[in-house]
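*Asks:* This is what each chain is made of:
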Amino acid sequence: MKEGKIKVKNITLYYGKKMALNSVSMDILSKQVTALIGPSGCGKSTFLRSLNRMNDLIPGVRITGEILIDDFNIYDKQVDVVNLRKKIGMVFQKSNPFAKSIFENVAYGPKINGIRDHKQLKEIVETSLKRAAIWDEVKDRLHDSALGLSGGQQQRLCIARTLAVNPEIILMDEPASALDPISTSKIEELIFHLKELYTIIIVTHNMQQAARVSDYTGFFYIGELIEFGKTKKIFTNPEKKQTEDYITGRFG
Amino acid sequence: MKKLNRLTGGIMVGATAFSVVLIIAIIIVILIVIIVGGKHQMSWKFLSTFPEDGMTKGGIFPALFGTALMVIIMSVAAVPFGTITAIYLTEYAKANSILAKMVGFAVKTLAMVPSIIFGLFGLGFFIKFVGNGMDHVFLGGQLKWAQPNILWASMTMALLTLPVVIVSVEESMKAVPRELREASLALGATKWQTILKVVLPGARSGILTGTILAISLGAGEVAPILFTGAAYYLATLPTSVSDQFMSLGYHIYIMSTQSTNVDQTLPIQFATTLVLLMLTFILNFTAVIIRARLRRAH
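Line by line, the protein sequences give chains A and B. Going by the working numbering, 175 is the number at position 175 of the first sequence; the sequence numbering is gapless. Going by the working numbering, 257 is the number at position 257 of the second sequence; the sequence numbering is gapless.
Honestly, the hints are just simulated from the structure, not real lab data. Note that the structure is predicted; figures quoted are calculated from it, not measured. Nothing false has been slipped in among the hints.
What follows is a set of in silico ranges between Cβ atoms, one per label pair, in the way DEER data are often shown: (1) A:Asp70 / B:Thr286: 54 to 64 Å; (2) A:Lys122 / B:Met278: 43 to 53 Å; (3) A:Asp215 / B:Pro177: 27 to 37 Å; (4) B:Thr16 / A:Val82: 55 to 65 Å; (5) B:Leu110 / A:Ile58: 29 to 39 Å; (6) B:Leu120 / A:Ile58: 40 to 50 Å.
Chain A stretches covered by chain B per the calculated footprint, using a threshold of three residues with CB under 8 Å from any CB of chain B: (7) 49-59; (8) 102-112; (9) 149-163.
Beta carbons: idealized from backbone N, C-alpha and C, even for Gly.
This is chain A alone, in the form it adopts within the complex (with noise of 0.2 Å):
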């Protein structure tokens, strides 16, 4: 067995007086990929972003619970979320590249981050995005605005700008629900090279992608985790009926 890398241990969270995660807990492995479902409004997105705490942004969130990280409570007052957040990587439903170039969207993150060498930028700015596998495309015109690519080119541009901080962990929120098959399919395939260097959590509407790509899978509704375990399991062989109903689509 495998030591957890993220421990979650009953995470509540209220936007005001709404209750919108109940008692979440889970251990999430290293180096694998593992995939959050569930319908609308069940709390998987909300639950992805409280691993980098990106609700404290929300005015009004309430958040009680434990989530360790290599054994070390982020939720606790001493932890510098600025320097949390450049561990944990993340990449959003929507592209959203700077209205910058191709090769300024990489280098944000490492330049926020002191390095001026313009040497050691390019290096990194070219391991990142062929990492992405996005260089062979972007490669001979890097100093071209990012808003000129296609939706799945930026949205791959995203996640180099995203591996280009050097995140031990990367959160997905629905990385592939606005783009086409091709481009879904190429991120797919993505993230299935990347789960060799990363810890990969990906919120997805797409059962299929979650069969597809994860290895772990957490079924969520009205904010509670009904049932998480091997992705394998999961779909063939789920033990709750609400597991299953969903997964076969009888709703959702």
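Using the hints provided, position chain B relative to the given structure of chain A.
*Replies:* Only chain B this time, still in chain A's reference frame:
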């Protein structure tokens, strides 16, 4: 009943059409009067020479120069200060906090204050209070800063134009998508780094529009500089911020009311008005174009 409805409708259409035509007609008449009255006077020489013969002849160069210098000093004060206020309002203030509401209310009130009040405030605050204080502390009571000059006039004008800058920058900062801020924060940027490197660059056009609108407003206003720095006539250009200056708007005012021979200066009045009008028109038009581009970009 139906007939009556149709009649009312007809009257309303007629009334709106009349209003539209009236407004356009007023603008056209004003423009024609000014252009016809001033066109013979207009020349490169008019723009580039000093007034002569008790301001009945010659050009308006010192007024043009003074206006330009004043709006530059004004912008240097109003744009950074306005931008910082806008940053506070959009990025730091909580939507319902009392302080944010107070700042918002103050900005709105500032925008409604009649411009002559700014002039009086400038006289009382900058000249009598700040200037006097500076003279006493730094110059042992010797009179230098406690009198009207281009610095105090520019500062007073900066206060007047501040709401324009704040609102314009605030709007364009709000238009920067939340996703971009999140992307920056998720990469481990601090809030301040995010504002500096993502939000402000995204709001560039808004800052530019605000600056241009402020300049256009500042170039045309007379009341705020009336007591704070504008001069009737100066034989030399200002060489220091403690000098007085001539301004286009004030020049028109004094030529039409204080001149020794109002009729004789009429062509100069028209031409000066034409210059001022063209200046504000060009500035406003530029702002409109930038704003349209900004809107298309989002």
